[in-house]
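These are the residues of each chain, in order.
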Amino acid sequence: MKHEHAKTATQNACKLCNPLGACLAFRGIENCVPFLHGSQGCATYIRRYLISHYKEPIDIASSNFHEETAVFGGSHNLKIGLKNVSDQYKPDVIGVATTCLSETIGDDVPMILREYKKEFKNGSPMPILIHASTPSYQGSHIDGFHAAVHASVKALAEKMPWQRLINLFPNMVSPADMRYLKEILEDFGVPYMMLPDYSQTMDGGPWAEYHRIPPGGTPASAIATAASAMASIEFGSTIEASKSAAGYLDMMFGVPAYHLPLPIGINGSDKFFSLLETLTSQKRAEKYEDERRRLVDAYADGHKYVFDKRVIIYGEEDLVIGMTAFLREIGILPVLCASGGKSGLLKKRIGELVPDMDELGIKVREGVDFVDIEDEAKILQPDFLIGNSKGYTMSRKNNIPLLRLGFPIHDRFGGQRMHHLGYRGTQELFDRIVNTVIEQRQNASSIGYTYM
Amino acid sequence: MEQIGILEGRQKQIFEKRKGTTQADIACDTSSLSGSVSQRACVFCGSRVVLYPVADAIHLVHGPIGCAAYTWDIRGAVSSGPELHRLSFSTDLQEMDVIYGGEKKLYKSLIELIEQYKPKAAFIYSTCIVGLIGDDIEAVCKKVARETGIPVLPVHSEGFKGTKKDGYKAACHALMKLIGTGSTEDISKYSINILGEFNLAGEAWIIRQYYEKMGIEVVATLTGDGRIDAVRRAHGATLNVVQCSGSMTWLAKEMEEKYGIPYIRVSYFGIEDMSKSLYDVAVKFPDRPDIMEAAKLIVSEEVKTLYPSLQKFKKALTGKKAAIYVGGAFKTFSLIKALRSIGMSVVLAGSQTGNKDDYARLKEMCDEGTVIVDDSNPVELSKFILEKGADLLIGGVKERPIAFKLGIGFCDHNHERKIPLAGFIGMYNFALEVYQSVMSPVWQFAPRKGGSL
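Here the protein sequences line up with chains X and H, keeping their order. Take the first sequence: its letters are residues 1 to 452, numbered as in the working numbering. Take the second sequence: its letters are residues 1001 to 1453, numbered as in the working numbering.
Since the hints were made in silico from the structure, they are not lab data. Computed from a predicted structure; not experimentally measured. Certain hints may be false.
Unchecked claim - Beta-carbon label-pair distances, calculated as ranges:
1) X/F72 - H/G1450: 39 to 45 Å
2) X/E183 - H/I1419: 39 to 45 Å
3) H/D1136 - X/K348: 39 to 45 Å
4) X/G448 - H/E1115: 32 to 38 Å
Claimed, not checked - Straight-line alpha carbon distances no greater than 27 Å define the calculated DSS-like cross-link-like pairs of lysine-lysine that follow:
5) H/K1418 - X/K342
6) X/K83 - H/K1321
7) X/K90 - X/K154
8) H/K1104 - X/K397
9) H/K1321 - X/K55
10) X/K79 - H/K1104
11) H/K1142 - X/K378
12) X/K7 - H/K1143
13) X/K79 - H/K1012
14) H/K1118 - X/K55
15) H/K1143 - X/K90
16) H/K1142 - X/K7
17) H/K1418 - X/K7
18) X/K304 - X/K378
19) X/K55 - H/K1012
Ideal Cβ positions, reconstructed from N, Cα and C, are used throughout, including at glycine.
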């Protein structure tokens, strides 16, 4: 649909900026401090945005640009900053991500890091410095996320003899999803390297003292082994080739790369489990068969509530793709699949999973904001919306219920503990979707049914 | 416990009050140290928070998407009418714009947004890279103002060009351009502007009501529940009443210089300061003793109901210790008094942007052993919270998880609060919130209280 007004500005963005994703990914490395090379505000805004979702302290250092820094370059500030972070946080790794500011002035960060290592050498071990280029004027937060994962692998993976090891690049999923993925891999009895792993750093227990860096995350030494793995599994089908960690390991070290869409729904989860069975020559544990059986049973119990429901799904492109495949297998029609991201692949990838998308009239739009989605909603009249909290404004205004998932969840409790992946995650999503419909019906009825 | 060191270069921004010691002034008004995890934001943030509540203007952030996305509907600043401030507009600059300049995109965006939303004015915020790519924002704003007939005000808030305080000033600068352009006809001699009150959770309405009850006309609140037309005629008021001194004192001084309007500093938090803020205004109108009488009546009536209702909290909270870390130092003064009135002492007090005078006064007010910090960070805050055995932290979103991780209560005294904490009713809400957090049985499981890890 054409916007009723010409539309140049982005209104109520359905995306965040590149450095946010990088900071989150760096939080999934053990004893790592994310460091933004730019103004103080970037670090502070991103911290508060992440805190509102994860409810965890999130320290992000900043090189704290001043006017002179912008004029003369950020080298001095970056070095002092690295020194200070090293002194105060004693990290194993510092994940340096750039911002629009440092990218625009053209700071040569790799060179500055090399200089730093020389100039500040003092005999004691220095943290590993990883640099991800994340200018906010390119892409969105998901690009920064992949850039940081890619940069970490590139910086750390080294040639080693082959070993029975699986690399898993799970994409920007919840801490609960990450815990589930680790459980699956452990149950397959296969050593793994998952990156990032913020299952604990972004959703951990209480502290008796302040941890400069919370416990948890993938150790740098584990990332180093990535090149020796028997395979890499990467969730996501819109990741730019230059930012694919699995692609890099394949190209540089011949580690076979398997790209799967986010495993949401039975078909998606089956693909993931089958792949693990093939790679490990092992059957999945019985408990996953049980999870699958319960899910199939639940589909049967709930199918009538959801069949032919019309929804709008929005969020990061890979989340939208995985969700769309799932929604189709339970009979829901995603009338619009929308993302603020813009890989150019969204439609193609959805088509691969939902071959009849055109006949069904599924509309796909990349690079949209919430005003675009709202305009579409007025025409498409969906039964509900599925996506992050930021859709609430249009949900409320147009009286369309919102089922929250993904990131950020700023207006509900427990977003970090929400499952999306595998049989378990699908079960949780299915229950919530069915309940959304039931609640809607119950509220709409004047009778006040106590059985639905 | 591992010894937490204070960063070299930070020591001078920390002070512990001890008997018999004379210490140099606390260092402040400096920019944050590179690599320290400051709780501060940037110039843009300062401008954005001050202007955000102006509800009938559009706020267009000129830059890449982040700055607009992170400040979309971020404050609990409510409006009684239009809600344009709750929308997020960005020129969403892309690589090509950075190379070839963003002026055209800015111009088109403005023309379209003004056509679509029909605002009374537009604020254009420059972000970091706008300064670098050399967009002539002033020229674009002038052109659009000419073509659309509404004020289009550039806000020079490039993130790196100073601290949050410079952002406040840039915002005030934009407001100054509006003030003086409206008619002051019919404005009473007994009138004020309320400055630095952002109507979080409707607080400005509460305050406004008190003053109106006293027979005083409130010309404009800057910027809570803000309206462009009200700002335009703010120069017609007799007195400026400034709360949140950090953000608005500059504007008050400018207005004094340009329009001869005197100003006073007040705070609406706690019984003592709230009452004082009514009396202090009333004494400025000595020819109308009824105003003072009305103020006294409001205070006595409010306190009559409030005071007994606080006793339950006081009984439970007496002897508990609080740590305060907020944006402006002025607020800490009120909070110390408010906490004392419910039996609590303050063991840590600090702010992001306090100045020398603020800290001098803070030192005077605080008890022995209280730690005072400027521009602190999570590591330091935690260190002092644990060392001093605080039961409560008062701060904003970024401080909240620190408190909860360490197993102590928390009160959000920042932009996101949804319950009014100003005014007499606000003092009740404050005490209730503190009580509910500090006294919660969940802390029994916190490692600090012997719970297992």
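Honestly, which of those hints from before does the structure not fit?
The structure conflicts with hints 1, 4, 5, 6, 8, 10, 11, 14, 15, 17 and 19, although it agrees with all the remaining ones.
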